[in-house]
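In order, the protein sequences belong to chains Y and D.
In this text, residue positions in the first sequence follow my numbering: the first is 1, and each later residue adds one.
In this text, residue positions in the second sequence follow my numbering: the first is 358, and each later residue adds one.
Each computed PhoX-like pair below joins lysine-lysine, with the alpha-carbon atoms no more than 20 Å apart:
#1 D:Lys436 / D:Lys517
#2 D:Lys436 / Y:Lys130
#3 Y:Lys114 / Y:Lys154
#4 D:Lys378 / Y:Lys130
#5 Y:Lys130 / D:Lys439
#6 Y:Lys350 / Y:Lys246
#7 D:Lys367 / D:Lys378
#8 Y:Lys350 / Y:Lys275
#9 Y:Lys113 / D:Lys367
#10 Y:Lys114 / D:Lys378
#11 Y:Lys131 / D:Lys378
#12 Y:Lys28 / Y:Lys182
#13 D:Lys378 / D:Lys439
#14 Y:Lys113 / Y:Lys130
#15 D:Lys367 / D:Lys517
#16 Y:Lys114 / D:Lys367
#17 Y:Lys105 / D:Lys378
#18 Y:Lys131 / D:Lys436
#19 Y:Lys249 / Y:Lys275
#20 D:Lys378 / Y:Lys133
#21 Y:Lys113 / D:Lys378
Please keep in mind that the hints were generated in silico from the structure rather than gathered at the bench.
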Amino acid sequence: MANISLQHLDKIYDNNVQAVFDFNLEVKDGEFIVLVGPSGCGKSTTLRMVAGLEDISGGRLLLDGKDITAAPAKDRDMAMVFQNYALYGHMTVYENMAFSLTLRKEDPNVIHKKVLAAAEILGLTDQLNKKPKQLSGGQRQRVAMGRAIVRNPKVFLFDEPLSNLDAKLRGATRREILLLHKRMHATMLYVTHDQTEALTLADRIVCMSMGRVQQVGTPLELYDTPANLFVASFIGLPPMNFFTVKIEKGRAVGAHFTIDLTEKEKELLAEYEGKEVTLGVRPEDVDEGGNVEVQVYSNENLGMNTLVHGRLGEAHSADSAITCKLRGWCDYKAGDVVKVQFVKRHFFDKNTTNAIR
Amino acid sequence: MTIRNMDDAKQIQMDRMRYTKNTLSSRLVYLAILFDVLFFVSIYESDVGNWYYTALIGASIVYNLVFMLVSFLASEGVKNYKISYGYMLLGLGAGQIARIFILPMLAHAALTKRSDPVLKKVVEVPVMEGGQFTWVIVCLALSAACCLSAGLIAIGRSRKLTAYNASLAEMK
Chain Y
1 MANISLQHLD KIYDNNVQAV FDFNLEVKDG EFIVLVGPSG CGKSTTLRMV
51 AGLEDISGGR LLLDGKDITA APAKDRDMAM VFQNYALYGH MTVYENMAFS
101 LTLRKEDPNV IHKKVLAAAE ILGLTDQLNK KPKQLSGGQR QRVAMGRAIV
151 RNPKVFLFDE PLSNLDAKLR GATRREILLL HKRMHATMLY VTHDQTEALT
201 LADRIVCMSM GRVQQVGTPL ELYDTPANLF VASFIGLPPM NFFTVKIEKG
251 RAVGAHFTID LTEKEKELLA EYEGKEVTLG VRPEDVDEGG NVEVQVYSNE
301 NLGMNTLVHG RLGEAHSADS AITCKLRGWC DYKAGDVVKV QFVKRHFFDK
351 NTTNAIR
Chain D
358 MTIRNMDDAK QIQMDRMRYT KNTLSSRLVY LAILFDVLFF VSIYESDVGN
408 WYYTALIGAS IVYNLVFMLV SFLASEGVKN YKISYGYMLL GLGAGQIARI
458 FILPMLAHAA LTKRSDPVLK KVVEVPVMEG GQFTWVIVCL ALSAACCLSA
508 GLIAIGRSRK LTAYNASLAE MK
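If we strip away everything but chain Y, and leave its shape as in the complex, we get (with noise of 0.2 Å):
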């Protein structure tokens, strides 16, 4: 049993700058929570507060009830994974997993069992002879992933695990993380600004900008009902296209086209008659056909998707930018006039930012 509440957690240095604002969450055994948001936004401060690695400024956090606030790093029974991998590289690859056990002073046979076991479920176990150097970022990955393993935490911590890997081997990692997050069934806490990583690895993400919780939800609810202007622009890739529409008489008016609202979305809008919104409209949400003319810029194939970026009408204001994941191969030349139209559209409070819902 893991169970973790984070209540009302601030973090202010010495230097008075405060990097987390209130930060409220409860963390159920056995799920994986994503901190995800864009550097300086408090996400790893918040994580290194739950390791007992900072200081806590204001707030409780509890561990199955258990006030762990104050309690030192080693008390909370919490194993972290940093990005830069932390191992020690004049060990092997099973001295570097039995090393915490050995301080520990554990029964030489019960650590050894523990590493094999480790290393099995992490494919180590003919790379247990090695130093670090000899391994690759995702092998070293690995290690320190089994270096946690071996502790048998009640939570795991994540710190961007997988930023110092390229492309192909953050994939694959990902994939590992994720099988042994549902071998292990453990509390994880993980931290990225890779919303890729985020939105494939969470059982729920906690979106975070300036120090503040922006959103808490599921990757589903996170990505199909944003709750602000930032969590919709953060998440989703290519980002959401924005655009300020003028409400009228179940109209949509923009600066370059104007759109019908359907019944429901009228309703939604009503008390914003006359007033402007924020329209967003993700990529692969626009399709070919209908009423609002793009005129394209540049034309990437990915080969099942075309990404047609291109601007709506003659200005060039970043009101008028927009970026259109349409079906299928498409070969549109630069300055080609397409017609859009708008399948999903989210509304947001032009003062608020936040989701007209």
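Chain Y is fixed; fit chain D onto it per the hints.
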């Protein structure tokens, strides 16, 4: 799992040797080097007069250097279960025993003339007197014991590991 029976403590102990080093033998060799150094610095403590200034001094210095170098090399070898270094350590241990009968014994048996300030006359005394003689013998004996035990442990463990690896290979 490469290990055959994870509940058998002896089996696990054997399997552990595949991934851990023979640090016991290696540390015993370091101890042997330490006692050798103690011996070597101790033999200059008494006034040996001219007795020691023969080819013996050169030979003992050179052997001492060779001993330290070779034993250090052997300590690294036995750490990785290389059986040949175990035999080398047995040889070095035997050499240390032999050294007891060369320099310390000869120096203890030899007499040198020295003026006695109490009797106010020249007397004949052993080149290496009782206390120092015992000390250097103890140093050499301990150095020899460390080398021999390190060698024996290394040979034993190397043989066991080789046999275990062979049995694993057979299983495959």
